[in-house]
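Each chain is listed here by its residues.
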Amino acid sequence: MTTAQTAARTTGRIGENAQRPDGTLKVTGEFAYASDLWHDDMVWGVTLRSPHPHARIRRIDVTEALTVPGVSAVLTADDVPGENAFGLEHADQPVLAAEFVRYEGEPVALVAADHPETARRAAARIRVDYEVLPALTDARRALDDDAPLVHPGGNLVRHLRLRRGAERPTAPVVVSLDFEVGMQDQAFLGPESGLAVPAEDGGVDLYVATQWLHVDQRQICLALGMPPEKVRLTLAGVGGAFGGREDLSVHVHACLLALRTGRPVKMSYGREESFHGHVHRHPATMTYEFGAECDGTLVYARAHVLLDGGAYASSTAAVVGNAGTLGLGPYRFPSVAVDAYGVFTHNPPCGAMRGFGCVQAAFAHEALMDELAAAVGVDPVEIRRRNGVQEGDRNITGQVIDSAAPVAELLQRVADLPLPPALPEQPDLRDLPGAVGNTTHGEGVRRGVGYSVTYKNVGFSEGFDDYSTARVRLQVTGGEAVATVHTAAAEVGQGLVTVQQQIARTELGVEQVVVVPADTAVGSAGSTSASRQTYVTGGAVKAACEAVRTAVLQRAAIALGRPVAGLALDGDKVVGAGGEVLAGLADVLGDDAVEETVEWRHRPTHAVDPETGQGDAHVQFAFSAHRAVVDVDTELGLVKVVALDTAQDVGKAINPDAVVGQIHGGSAQGMGLALMEEVVVTDGHVRNPSFTDYLLPTVLDVPPMRVEVLEYADPHAPYGVRGVGEPPTISSGPAVAAAVRAACGKPLRRVPIRPEHITCT
Amino acid sequence: MDFLQPSSWDEALAVRAERPDALPIAGGTDVMVELNFDRRRPGALLDLTRVGELQEWSIDDGTVRLGAGVPYGRVITELGDRLPGLAMAARTVGSPQIRVRGTVGGNLGSASPAGDAHPPLLAAGAEVEVASAARGTRRIPVAEFFTGVKRNALEPDELIAAVHVRTARGPQQFCKVGTRNAMVIAVSAFALALHPDRQAVGTGIGSAAPTPRRAAEAEEFLAGELDWAGRAALPESLAQAFGERVAAAAAPIDDVRGTAAYRRHSLAVLARRAATWAWDDLRRAA
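Chains as they are written, first to last, in our numbering: chain F, 1 to 761; chain L, 1001 to 1286.
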């Protein structure tokens, strides 16, 4: 009798803390980011931008710039060969401004030179004759009859009207508020960068840090007047994105210069230019009213949300869609009237940023839930638990929430976590508001606790054809089985490359998985946004792996003379039902490679009704709750966040460490908006385009966090996954704001909360 | 742009005299920002990091002579006991990396109204030692050194050699308000030094006027009211009145970092608290 050898189980599968392939390189500073791109023969491109929020361009004189030694090209709108327009949803934004500039920082001309400094000096010699025009910089005026028009079609980008239940509901308890959210920046650490290389076929190869290669390609082709096969994109190392790389930046510009000069062209923004070079989070002005029974049970909501879209449409319409359809939070409302507007102004364009419309609304609905709690005399956790949606409920668009909706449990979990200890008699300065600024030794310091629970759609909504493509190949090289995964999905730091490896290891039972660089040689993966890639590209990789596995097992079945059923892949071997090794992959595959390409879609979503906003707009919802504990120096208005604890349902944690990392980062980003992060815009001018004055939380601002990860599988999603990246950004800020309100007793109806708001000076 | 690298103090002064267009650079924590943002294009950079004399400090007759090139990190570790106010301010400068590079001399050279070193130097009554090849050395009281927004009393051929600060004879405090808890430019700052040996009070205000400045009237008021002999507890009302006088000495503006009203308000709070802490320290030391 012989004992069958059992295959060693493949490690690094889903559910394990697999190591990132790019982790060590990033920590040791060796990872090549887009700003490290280099070509021996390259020249540098720079952009001349508008100093005015609104002006007519009478004339551009580039003569003097062309005389600067080392300059190889100076381009203006006249040099755009295709359509001088791009845009994610509407192609309304010129590649280079032609007749008008509509925001400060709009690109007007390009220079290529042998050194970036030379190019900058030459750009300074371009003479642009502007006729400065009145600028519309107050979004609240955008829809007035006498407001200056940003575009000929009017200043409305989208109005989402949502009506449900009774037309004129009444309730015994009514609370209301106005709320304002300032403009947040994605503040990714790696500014916009790319390298365009002219190709022998007359086309161009572009290496660029981005979030969605194929939507870039489509827009570049339009502007260059070239077919997609001539415009090939490869993802360069991305240093963070958070939505700020959904719109084009250097893409068309670098290609134009490369095609004109016949040389590789590198473009790389500095930090100041980066602030002008990408869209920001929409500032919001909101009015909310909730009606409730005396016990706090919600009866109705009315909400008016105004988002300042800035000068071009970008993704404003979709952000309005989220702010409208999800803008009342994860609560049951029998009757609802919501009007969400996105408008054009001459402010910097706003578009995608982590949380996408839900972030702004959450500050308003969560502040109002606290008001309601106070009005009916219950605590903030109880008011939310009492009204929170559950699986099977309909949300405000009438859509049934058909997987876990653990609002009450998430709240209970954060509420049950131990509270941080009170400050000791003689605290370390670093534990106090103001820290080593030595502004208090405990005087004026009061503690506050705040709660928040929010939800967010995962994936693209409202009928968008949201899919991803994966190509998976399995072969034996040098005696070792290797799976190769090829997608166009952008790794922006979130860990998708690791997830792809884990899925391939799980499905194919091989240890070695190579994720090749993302490029346009394979079909679209959709955007790395909307918390969707683990779900959608993960789903595509899983499906492609399953197709490969089926093909391999069919070969094995024939070779082994056994039925396919009962065969599996594990530990680089074909195994039987008991895990016993039946054949090595090399025996089955020989020198052949098995390759499959799959285009994978999640369940379809649907447009909402234009009159009522009703419809199954979203494919999945992700829920999170936060509890913030803050110490506020009430005399100076300084805040120290003492604890920021959270619970989030992730469906299935493919890589638990990475999930917790996402939740840490998202929580810090939401906290940043609550307390300090704001692009200050006055009369259309950005006043703080630097990290000196655009403040991001430091290690002394972000507390250690307790993270409770729940895994209630979504039966409709691959492995049950639920998007992870955005929810913590949405619920953390409102919890921090609530904690500050609790500490100082001020209403604080604007974020970021500034010290003078707390001190009322 | 030329890069000039003298290796001795005499050579540095000679180069300075020849090249009035050269911008001195030590840690580079201000200069490099200006260059990177293209706000400044000097004809040359005069690198002072190889001038050994600037990297030293010494004590003579109860006064520290702090070389202009001594970085903040060393002020904290080597002079924290003798110059506590300056060390507290140094601790609030940027990040650890910045504190290793940035120097008090560079702070004086930039003469920003928000320079963290300035308020404690004002409160301590420091003197800035400057020198030129042609006229040798002179000393400028720090209160006269700041002549306008980012302007100082240096002649075009002069360099900052050192700053002279009396070692602390009494408690010192430095407080700085920023909108985050580290790595932040002051929205307002206040330094206080008690000089029990001569029953005097020193103050310095930062980020709340075109230049760093003293609150002279508040100093005299507090010095006159304090119970120097009996060391009785500081009445809350006195601390409050002192705070109001400090706030009145400021001439703040609204800008992207804060409002004038908040700057004034915060100075009143900081001055009140600092006076209380310092006086309590003095009482405890008695």
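It is possible that part of the hints are untrue.
If you only want the chain L side, here are some residues facing chain F, beta carbon under 7 Å, derived [stated by the list, open to error]:
| hint | residue |
| --- | --- |
| 1 | Met1032 |
| 2 | Gly1178 |
| 3 | Arg1180 |
| 4 | Phe1221 |
| 5 | Tyr1262 |
Sample of chain F residues at the chain L side, in silico, Cβ under 10 Å [what the hints assert, rightly or not]:
| hint | residue |
| --- | --- |
| 6 | Arg271 |
| 7 | Gln426 |
| 8 | Arg430 |
| 9 | Gly578 |
| 10 | Glu580 |
| 11 | Val581 |
| 12 | Leu582 |
| 13 | Thr692 |
| 14 | Thr698 |
| 15 | Asp701 |
| 16 | Pro704 |
| 17 | Arg754 |
Just so you know, the hints here were simulated from the structure itself, not pulled from any lab data.
All residues carry an ideal CB built from backbone N, CA and C; glycine is no exception.
Checked hints:
| no. | hint | in the structure |
| --- | --- | --- |
| 1 | Met1032 | 12 Å, violated |
| 2 | Gly1178 | 6 Å, holds |
| 3 | Arg1180 | 5 Å, holds |
| 4 | Phe1221 | 22 Å, violated |
| 5 | Tyr1262 | 4 Å, holds |
| 6 | Arg271 | 8 Å, holds |
| 7 | Gln426 | 12 Å, violated |
| 8 | Arg430 | 8 Å, holds |
| 9 | Gly578 | 58 Å, violated |
| 10 | Glu580 | 58 Å, violated |
| 11 | Val581 | 55 Å, violated |
| 12 | Leu582 | 59 Å, violated |
| 13 | Thr692 | 6 Å, holds |
| 14 | Thr698 | 5 Å, holds |
| 15 | Asp701 | 5 Å, holds |
| 16 | Pro704 | 15 Å, violated |
| 17 | Arg754 | 7 Å, holds |
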